[in-house]
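There are 4 protein chains.
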Amino acid sequence: MVIVMKPNVAEKDIAKVEEKLAEFGYQAHQIRGVGRIVIGAVGDKKDKGVMASLETLPQVEKVVPIMSPYKLVSRIVKKEKTRIDLGDGIIVGGEEIIVMAGPCAVENEKNLCEVAEKVASAGAKVLRGGAFKPRTSPYSFQGLEEKGLKMMARARELTGLKIVTEVVNSHDVPLVAAYADVLQVGARNMQNFSLLRALGKQHKPVLLKRGLAATIEEWLMAAEYIVSEGNYNVILCERGIRTFERYTRNTLDVSAIPLVNIYSHLPVIIDPSHSSGERQLVPSLSRAAIAAGADGLLIEVHSNPELALCDGPQSLTPQDFSLLMPELRQIAYVCNRRM
Amino acid sequence: MVIVMKPNVAEKDIAKVEEKLAEFGYQAHQIRGVGRIVIGAVGDKKDKGVMASLETLPQVEKVVPIMSPYKLVSRIVKKEKTRIDLGDGIIVGGEEIIVMAGPCAVENEKNLCEVAEKVASAGAKVLRGGAFKPRTSPYSFQGLEEKGLKMMARARELTGLKIVTEVVNSHDVPLVAAYADVLQVGARNMQNFSLLRALGKQHKPVLLKRGLAATIEEWLMAAEYIVSEGNYNVILCERGIRTFERYTRNTLDVSAIPLVNIYSHLPVIIDPSHSSGERQLVPSLSRAAIAAGADGLLIEVHSNPELALCDGPQSLTPQDFSLLMPELRQIAYVCNRRM
Amino acid sequence: MVIVMKPNVAEKDIAKVEEKLAEFGYQAHQIRGVGRIVIGAVGDKKDKGVMASLETLPQVEKVVPIMSPYKLVSRIVKKEKTRIDLGDGIIVGGEEIIVMAGPCAVENEKNLCEVAEKVASAGAKVLRGGAFKPRTSPYSFQGLEEKGLKMMARARELTGLKIVTEVVNSHDVPLVAAYADVLQVGARNMQNFSLLRALGKQHKPVLLKRGLAATIEEWLMAAEYIVSEGNYNVILCERGIRTFERYTRNTLDVSAIPLVNIYSHLPVIIDPSHSSGERQLVPSLSRAAIAAGADGLLIEVHSNPELALCDGPQSLTPQDFSLLMPELRQIAYVCNRRM
Amino acid sequence: MVIVMKPNVAEKDIAKVEEKLAEFGYQAHQIRGVGRIVIGAVGDKKDKGVMASLETLPQVEKVVPIMSPYKLVSRIVKKEKTRIDLGDGIIVGGEEIIVMAGPCAVENEKNLCEVAEKVASAGAKVLRGGAFKPRTSPYSFQGLEEKGLKMMARARELTGLKIVTEVVNSHDVPLVAAYADVLQVGARNMQNFSLLRALGKQHKPVLLKRGLAATIEEWLMAAEYIVSEGNYNVILCERGIRTFERYTRNTLDVSAIPLVNIYSHLPVIIDPSHSSGERQLVPSLSRAAIAAGADGLLIEVHSNPELALCDGPQSLTPQDFSLLMPELRQIAYVCNRRM
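Protein sequence lines correspond, in order, to chains A, B, C and D.
Note that the numbering used here has the first sequence beginning at 47, numbered continuously upward.
Note that the numbering used here has the second sequence beginning at 47, numbered continuously upward.
Note that the numbering used here has the third sequence beginning at 47, numbered continuously upward.
Note that the numbering used here has the fourth sequence beginning at 47, numbered continuously upward.
In isolation and in its complexed conformation, chain A is listed as follows (with noise of 0.2 Å):
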């Protein structure tokens, strides 16, 4: 870390900052500016809180971190890509893009298994569907919980799909951690920290979206209390960050893909239905993130999308979906990918 003092600061106040310096265990190397001092501190701290207690030091303008705050799932520490083993073959982080799909929320099975089927049949490894539903308004359809969770189960049963679905408190990690064989954070509980130490309790692999405003760095340091308690499973989902676009929900930050391979070893999809909220953006943002290097997809497939009982506009149909699969192989294929 760098302290920049202010300008024209006393002799006092220097030695004040690396007697400080010294307290927390760094080594003080100063730099003397034509216009500024500067303090180089040297140690292996990651509390931020030596940082901001240095900056109320009043002679201090700021302090300028060096390494990033995350540790376990930086690139530096790990330099192998981590690749995160479903069963039966299936990879995310490997050669093979991982395209996982469903609708929004869970319904009924009927539905849901004939969704399944048809994108099992189409190449996707993973059904998605949501059970536990974290909505803007109380009024608005909360979920089928536990029951969905079952439908959930059996339609893996019935397919061979993996399931991934969403769990929205700690509370209820261990009931949706005994069907899902992955877990996911939505974007709204990406800082919800009870929540992402229980995830870091269990071995299940984590989805673990980035939310609507946050920087990577934040992203990153979420999926860092994970895996600081123990489970290195952790898949990062890109849906869209919010900018002051009003044609779309959300924009898609697509250099987020090459961000997350440069400076994390974790694999990273993108789920291009929430990251647009409208369906005819789906099948170029997919495009987009293979081409940008995604590690799989995260899209909503929903039988009958005008009977939808959250996120239809965003729904593709099952024909949709496979009419968009063929497409998407052919850009694998060139970006030396397979699906």
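If you're looking for bench data, these hints aren't it; they were derived computationally from the structure.
Computed from a prediction, not measured in an experiment: that's the story for all the values here.
Mixed in with the good hints there might be a few duds.
Remember, identical chains collapse to one label, so a pair may be satisfied in a single copy or spanning two.
With a cut-off of at most 20 Å between alpha-carbon atoms, the simulated SDA-like pairs for lysine to any residue come out as follows [said to hold, decoys possible]:
| # | residue 1 | residue 2 |
| --- | --- | --- |
| 1 | Lys108 | Met47 |
| 2 | Lys52 | Val96 |
| 3 | Lys196 | Glu155 |
| 4 | Lys250 | Pro220 |
| 5 | Lys125 | Pro104 |
| 6 | Lys108 | Val50 |
Take the given structure of chain A and dock chains B, C and D to it, following the hints.
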């Protein structure tokens, strides 16, 4: 709600929308414009699912909501400002502006009581302090938990101040409610719907912070979650939003004060400390908040900001606080408020 | 447009709105809902002033526009994609994806011609290079002005590449148009309406960059300024928007590609260099852009990025560029495009 | 500036950076940390090009600036607040808070003079009014141009008010300067560098509005453009930034007031009308601005907002304005200012 059809739509598509509206229990009114046909839907529903469902129809361009999605927290439903009685004559939402002050995190009893006595003598009515701390980094100080709550309770005994403290998940609600006079929901938990429901099911007042990137409508919807479970005692707290500015951590949205006062009957207070992250901005922002009509302030005060385990840079010293209070009182006075 | 009245409005207030609408030449259609009365206004006006005027009426809550404020650039008015002919068979908006490449700023003739030859031989069709540079700091390099334009012209002679270069104010339009094949409007000038009008009054194609915080509607409105003066040859260029991300300078909005394709007939290209500000992201973002359906790319290439007088960190070397082009060609091919 | 090297960098890469720094005229100071090597560069340059150039080196991770990029507008260079004398004892940046009021656009002489007389008698010292209007839509009213300037001049004669009016391109600067006492740069032109330079080359005071998505540093850099040409008379004007909020057009950044006061010696005023776009928020925001330490206000007042050709919804009536002024005066008074 108003349904805007795509240009050059066929009569049968219009009929389909009207049929759907009838199914959902709405009456349809067509307006045939020069470039577009729009259909006004008259009904009393709040479920956003209906809007979403209509948007999936192939010939519908967009659906425009007419009424706000919240109801119980709206000024239309209740004209008089809600007064939240914390006991001993301390009322949030009345003529008096209530100042809540104290450290970011509870660190030890001696410091806490010392700060509590000082802020009380300067005119604060409520002591703030975190026992459960949601931190961006898993390696930062996470709070003293129940031990911290006990220290808060002792500071209350000593000073007569009421206490406000954060609760970070639904599981801890009973524990925190056993100690606190007001339960705080942090910005990162504004859409933690399990937590909001749990807080709605108990009767202690709730201080609901606005999310970093939340619109005022989303914030009111979060309050609606609490109120719809039966607890009307919600204090809204603006604590700065995320913007592109890099000189401060967050940006105070001072217009949230008049906007909440227009759209809702709930009281609204300001946290000038988190709103900037900079101690030297706290006086200006506190003055601005009162001048704009805030019902209270939540200010970080630490006896020794340099040693604070969190958020030192934004904490006032007790002395700074004592100097600020008379300035604020003068502004309150010319704005026909008391403090 | 739809006028939403405040709750519990008097009949005379409704009458006043209807009277106003009649004055402005609209027909009024009332819809009496459960909670609100809304008035549909039927007419053919584009002036936002009418909406603003209605919103000032004391009993009007809001006015919701139904039709987009742009007209000539809209897909509704013109169904076929606009093809912009740069001469010699180079067409932007056709089946071929057009790559424009070159340095951020023109620095000297030797380097420029060297880069030009290399990008031409790799398959670029247009040479980019700035002679007038709008820089955030008055102390940064401001461009070679006409001398730079002359160097561009010589590079064109030498290579057959067309040239695109920025114009920063209306006064310079004739000068730049005398040399350039395409005139570029920078992001900071997207709403420099004098400049837009001047460009609309000449006939050379215009490359209009999207503003850093502009919505797609505002961008299309800026294009409408040019087109409404008579010049239909406008190429839209997405160059990254400002977001909260700190790992990159800007964030590529890849969904701008399908959105422009839905709402407008104008071709749309991507600048992957400014979109990230990071050379190592340029290949991923270029691939994504083509997969999403872009009509072209604008890529910074500098023979020696370390010595570049501006934007070195985002420039590819000619060698990087030569390696990237065949990858892009493969994606173009599977997306049924040529390059 | 501080150069952060990538992890595990070779000695020769460090040597290369140091060699580059020497070329650019900097002295290098190495700090060898636990995880990284950083190099402090000591020198007196302002050119961002140097930073960019260093960032292109393959083993450099990032370059962190230590000093702000502006100089002449900085508080470090000039400690005393700049007082801008408009003549007749009207000084912006002194003890008195200067209120500028008037219509968005000049429409006709009778209305303008009527409003001018009313705002003058309520205490305004400057008349605002647009003769050249930059409008988002080419189909909106674009201003009366020189005819409008003449009307402004006549209103000045009649009332003794000074006049402030917008100039939209460098070509019009002499014309507008011939009439106006203060030349306004609109938010969309904040980075129209040709315009800024032209304003720097004449001596009339300039009112520089902050861009909708500009940081305070960018705003100060825009002011630096004007000042670096020789004109020190720059008044900064915060007019609301773009945020995600949909209840208002823009969001007032009230913290811009203390921030400008910390970083710069230039006076700062607030435009509460554009900051919200809503007449009913203007009183709260005006009060907040004065309480936060603003040097002035720029308020839209129109004799008949319903008939305004632009921005009616945010205009106060002369009567609203007369009622607001005494309230503001009281706040100014308790903040030790005059108005």
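Cross-check of the supplied hints:
Proximity of Lys108 and Met47 under a CA criterion of 20 Å is satisfied in both settings, with 10 Å inside one chain copy and 13 Å between copies. In this assembly of identical chains, the alpha carbons of Lys52 and Val96 lie at most 20 Å apart only when taken from the same copy (19 Å versus 23 Å across copies). With identical chains, the CA atoms of Lys196 and Glu155 are at most 20 Å apart within one copy only, with a shortest distance of 9 Å there and 50 Å across copies. Within a single copy, Lys250 and Pro220 get their C-alpha atoms as close as 10 Å, which meets the 20 Å cut-off; across copies the closest is 30 Å, which misses it.
Taking CA atoms no more than 20 Å apart as the test, Lys125 paired with Pro104 passes between copies only; the shortest distance there is 18 Å, against 41 Å inside one copy. Taking CA atoms no more than 20 Å apart as the test, Lys108 paired with Val50 passes in both settings, with 5 Å inside one copy and 17 Å between copies.
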